[in-house]
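Engineer: I would like the entire structure built from these sequences, with the hints used as guidance.
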Amino acid sequence: MVAVADPAQDAALLQALRSGQDEAFERLVRIHSGRMLSVCRRILRNDEEAKDAVQEAFVSAFRGLKNFEGTSQLGTWLHRIAVNASLMRLRSRKRRPEESIDDFQPTFKDDGHARIEPRDWSPSAEQLVQSRETRDFVRGCIDQLPDAYRVVLLLRDIEEHDTAEAAEILGVTDGVVKVRLHRARHALRRLLADRFGERAL
Amino acid sequence: MTCREVYGFLDDFLEGTLDPATFESFEAHLGRCSSCKTYLTTYRATVAAARASELADAPSFDEVPHDMVEAILAARVDAFNQQRSE
Chain L
1 MVAVADPAQD AALLQALRSG QDEAFERLVR IHSGRMLSVC RRILRNDEEA
51 KDAVQEAFVS AFRGLKNFEG TSQLGTWLHR IAVNASLMRL RSRKRRPEES
101 IDDFQPTFKD DGHARIEPRD WSPSAEQLVQ SRETRDFVRG CIDQLPDAYR
151 VVLLLRDIEE HDTAEAAEIL GVTDGVVKVR LHRARHALRR LLADRFGERA
201 L
Chain V
1 MTCREVYGFL DDFLEGTLDP ATFESFEAHL GRCSSCKTYL TTYRATVAAA
51 RASELADAPS FDEVPHDMVE AILAARVDAF NQQRSE
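Top to bottom, those sequences are chains L and V.
Each residue of the first sequence is one higher than the one before, starting from 1 at the first, in this note's numbering.
Each residue of the second sequence is one higher than the one before, starting from 1 at the first, in this note's numbering.
Just so you know, the hints here were simulated from the structure itself, not pulled from any lab data.
The reader is advised that the hints may include incorrect statements.
[Claimed, not checked] Cβ-to-Cβ under 10 Å is the rule here; a few derived chain V residues that face chain L:
1. Asp12
2. Cys33
3. Ala45
4. Ala52
[Stated by the list, open to error] Below are the DSSO-like pairs computed for lysine-lysine, each with C-alpha atoms no more than 27 Å apart in a straight line:
5. L:Lys178 / L:Lys109
6. L:Lys109 / V:Lys37
7. L:Lys178 / V:Lys37
Each residue gets a CB set at the ideal place from its N, CA and C atoms; glycine is no exception.
Structural biologist: This is how it looks when you write it as structure tokens:
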């Protein structure tokens, strides 16, 4: 999941960190903070808050260094701490009223047949997403999802955590992650379909 | 298998975690239901569009803001001192 990983490099860096070398900590920050910033931005959608979350993550990492077992890569460990720092901030935010995504779920007739007749807009989506305007639109659609769903979609589909990892990070069961991902993807599909030219029956 | 069931199995299908019997019924349904087939295509395209949109405009990992690095290093010194005095 995390790129740049060299176990030997990790081990050397870890040893230097544990012996309290300032320069090692700075190296750790320079190697990993970019990726951490990117996940914090994604979750928080706010640059300043994302920077603060990265800083908080490094302080927790520094405090937790003695407990780091070295079984996971340093990058993976830091990434997870950054995600947690962002989630803490997200939870402490004043909740904005969130729209339910029930209306964006597919519906079925009594015999189990889908009520929509989808049109295949995937080629145009692939082309349109080349433009920045479309990408902004897609991100806007992701932001319409309630946080609980949006975060699962980001962790699973963008950050590429598997179900068990996402569940552990969020402190929920695997089943909850699966259901939320499922509903988030259906809802997002529906939001995109409206733009890419599908009409619900 | 009904359309409703197919929709329910989409994620497991994409993940490759359907058991063989379910996989077979799933594929058989897609073979005769163009609506579900298209739904699957657009469902997949949704994930692809989300990935493309989130990843394309993200700043490069190399462009770490200088002020953030400075703040982290300063915060670390504070945390270190605090830890020592505890």
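Engineer: Provide an ascending list of the numbers of those earlier hints which the structure does not satisfy.
Structural biologist: Violated: none.
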